[in-house]
Amino acid sequence: MKRSWLAGLAALALVAAIGMVFWREAHPGWQAWPTLYNARQGPEAVPLVVQALVPTQTGRPELCPTCHVGIGDISPSHPAEAFGCVVCHGGEPLALDADRAHSTMRGGRNPSDLSVAETSCGTEDCHGGYADGERNHVDRVQNSLQATYAGAIAVLRYTFGAQDSPTAQYALQARTDASRPLPAKALPSLAALPSPVVNATLDGRVQQNCLEGGCHLWSQPAAQPYYYRASGCAACHYLYDDDGQYRGADPTTPVEEPGHGAEHRLTTAVPFTQCNHCHNRGNYSLKQMAFLPREDLPAAPAAPAAEADEARRLAEYYQPMGEFTRCEYELDCVDCHTGGEVMGDGHLYGGKQERNYVQCQTCHGTPTAPPRLATIRESDELARRRARLAGREDFLAVGDSVVETESGELLWSVKRGANGELQQIAKVTGQVYTVPLVAGSKCEQDGTTQTSDHCHQCHSVSR
Amino acid sequence: MRLWRKEKSLLYALHPARIPAAGARFTYTFGLGGLALLAAVVTALSGLALTLYYVPTPAEAHDSLVLVADVVAFGAIARGLHFWAAQLMVVAATLHLARVAFTSAYRPPREFNWLVGLALLVLTIVWDFSGYVLRWDDGAHWALLIGTNLVREVPLLGEGLYRALVGDTQIGASALLRFYAWHVVGLTLAGAVGIVYHLWRVRRDGGISQPPSASTAPRAFVSRDHLFTSEGIATALAGALLLLLAAFAPVALGPAADLRAGLADRVQAPWVFLWVQSLLRFLPPLWAGVLLPLGVLALLASLPFWNRRATGRASWFSPAGRGEQVALACLALVLIGLSLAEVLR
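Protein sequences, first through last, are from chains A and B. When we follow the working numbering, the leftmost residue of the first sequence carries the number 1, and every step to the right adds one. When we follow the working numbering, the leftmost residue of the second sequence carries the number 1, and every step to the right adds one.
Hints listed in this document are in silico derivations from the structure and should not be mistaken for laboratory results. The model shown is predicted, which means the values in this text are computed figures rather than measured ones. Don't take each hint at face value.
Label pairs and their calculated CB-CB ranges [claimed, not checked]:
1) A/R40 <-> B/A44: 30 to 36 Å
2) A/T56 <-> B/G295: 55 to 61 Å
3) A/C126 <-> B/L333: 57 to 63 Å
4) A/G59 <-> B/Y197: 36 to 42 Å
5) A/Q31 <-> B/W287: 50 to 56 Å
6) A/G59 <-> B/Y53: 17 to 23 Å
7) A/T201 <-> B/A173: 44 to 50 Å
8) B/L52 <-> A/H78: 33 to 39 Å
Don't be surprised by glycine CBs; every beta carbon is placed ideally from N, CA and C.
When you get a sec, could you build the whole thing from the sequences and use the hints?
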């Protein structure tokens, strides 16, 4: 009798285990995400099925959209339909288990971190391997001051007597420029950062306040409002709102915790808020070897950067001590500062002073000379490509004349209009302005010796 | 009309009509041999299911397993059953060996079946290892590299054995295909034949071991019904355990093996081989990977021949087998100690 009870119990255990197997099979973990998506977007927005994407470029199926429902293309020029996810992010394309799927990702959440960018963004099939160095963006940006930090390192070391001259010798990573001839002011190489950077006493603070927590493309951001950003290419091109809030549709990105990009999107129309995650944030005090953040900002607005109105721009854009004109806060940083300035020309330089070439007079001219203009000759030349990437292809046609900087780079967004006046389209907002010229005005500027700082003497705005 | 009658079922009929009560007692055998057999059957059936999806090529092997683990209906269950039943098989077979050893059941006339059982244990471990390799993830890559290079250490024959095993001068597509063929066909055939022979030989050697007949006491028997029910209970419980493990303890699968890349910094051998990995840290490969494992095997194989006339059969820890028991216990302690040292490293 006892044995038959035991047999009955054993049979029951087996049936229960089979039941649990079926329950487990009917509730795979990934279903949580489309379910959450449906809860937000409306019931039955997507069916609870495995979604396979077969990118035309690779032909290999990827199941990522099963969980990352509605994440959207990273940009119009990188449609998921063509590239998929894995070509940039790595990972296990066929896995649905989150840990497994993400186990082999390139650069964690950010494949454009400079430690991996050469194998994601900068491969020969993508933004690398061109004969025209301008198009090898990852190579180029790694030699840029934003990545080498050469100017800051030189000033720091020179100030504390670690080197005899303010000429840059070091970069965060050793870099060599093999191209010859080198342009004026370019350096053939920069050595890897010495240890200690300045001296043993200061090294802890240097590491903490300048290198790890610093504002260069290798560094990770401070996880706090206004500072949220990514590293590498995404530091500029992947937009974070001031409050670090995700505003896209992907259910897997938590909306209750800040520190995520506004949406899964790369852009070249970079608003000032993005630059301000590093710039205009405060000042470095060499004396204290510390960063002193500006304290005049209100709590980070819970609104997308693209919606910043004039009042918000005036309040947020520049630090209290900054002198700026109206156009400087109405436009975004990228409306004046070019790709060549920001991402470099592929050569190594020793400081910002050697790369800033856009001045007020670049567009406004001087009392005696109008701005330099150049004509767009080919549909696929750089200025046209840049206009297209910013989504403003219609603004610029072959035959148009655009402003040319002293270094020969074309400002595609400033062209001569039908009546001979200069027109500028704001890259982020799309608003078109007429550019007033100095020639013919009451301005008494000496165009040969005076720079933008002199313009501020008369034209700066007060807050 | 009854479609199924117990007494007409094959499994029932395979049992002897009556079994000596001493041998059928649960605390004598703990059903370990039967458990190993059940595990082998579950492994084979779940393995059959896996062959429907597994692709034995370097480019697709890992991907096909990811698909099985995450996408295929009941794929994770099949893979989980296959893995956990295989582990159960190794554990149950090892404990079965220990049971037979510590009850002196390897004594004549069962000394040949002891050797057969030992061969089956080796086969089980090789089967297990070849299956581990088929994962084709970074751990498998590492294990394959170490395992095949150990074969190279065999004096004179090493290089030839390596070529036969790997089918190339280095591990790659041929190695994967060979391990697949051996795992699915070769070892399965050998295992099936070996297991059936082992079972048949138990019957031929007089059934489950029992004390040598003492003329004074009448021998007690149980009917096969009794045994059949016990086996049913054990099967249901073990089946439930395996199903729960399969459903809730997912089997690891690392990143795909990249034969061009370097090996990961810290890799742990499959648990069965931890003691070899530990030995490899302080002994030359020939000793750690070939001679000492063969020595362990030789020691086990020699047990029945230490003292052929001694009695003590069918009782746990009989004083008549003290020498063998101590030797075996020491061996077990050393192997467990080495394995733990490797885990805690």
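### Message
Holds or violated: the 30 to 36 Å window for the beta-carbon distance between A/R40 and B/A44?
### Response
Given a distance of about 47 Å, which is not inside 30 to 36 Å, the answer is violated.
### Message
55 to 61 Å was suggested as the range; check whether the CB atoms of A/T56 and B/G295 agree with it.
### Response
holds, 59 Å
### Query
Honestly, do A/T201 and B/A173 meet the 44 to 50 Å range at C-beta?
Taking Cβ atoms as reference, A/T201 and B/A173 lie about 59 Å apart, which means the hint is violated.
### Query
Are B/L52 and A/H78 spaced within 33 to 39 Å by their CB atoms?
holds, 37 Å
### Query
In this structure, is the beta-carbon distance linking A/C126 and B/L333 contained in 57 to 63 Å?
holds, 58 Å
### Query
So the hint says 17 to 23 Å: do the beta-carbon atoms of A/G59 and B/Y53 match that?
With a Cβ separation near 20 Å, A/G59 and B/Y53 satisfy 17 to 23 Å, so the hint holds.
### Task
Starting from the hint 36 to 42 Å, judge whether the C-beta atoms of A/G59 and B/Y197 obey it.
Since A/G59 and B/Y197 have Cβ atoms about 50 Å apart, the given range 36 to 42 Å is violated.
### Message
The hint says 50 to 56 Å between A/Q31 and B/W287; measuring C-beta to C-beta, is that right?
### Response
At 53 Å between Cβs, range holds.
The structure fails hints 1, 4, 7 (numbered hints given earlier, in ascending order).
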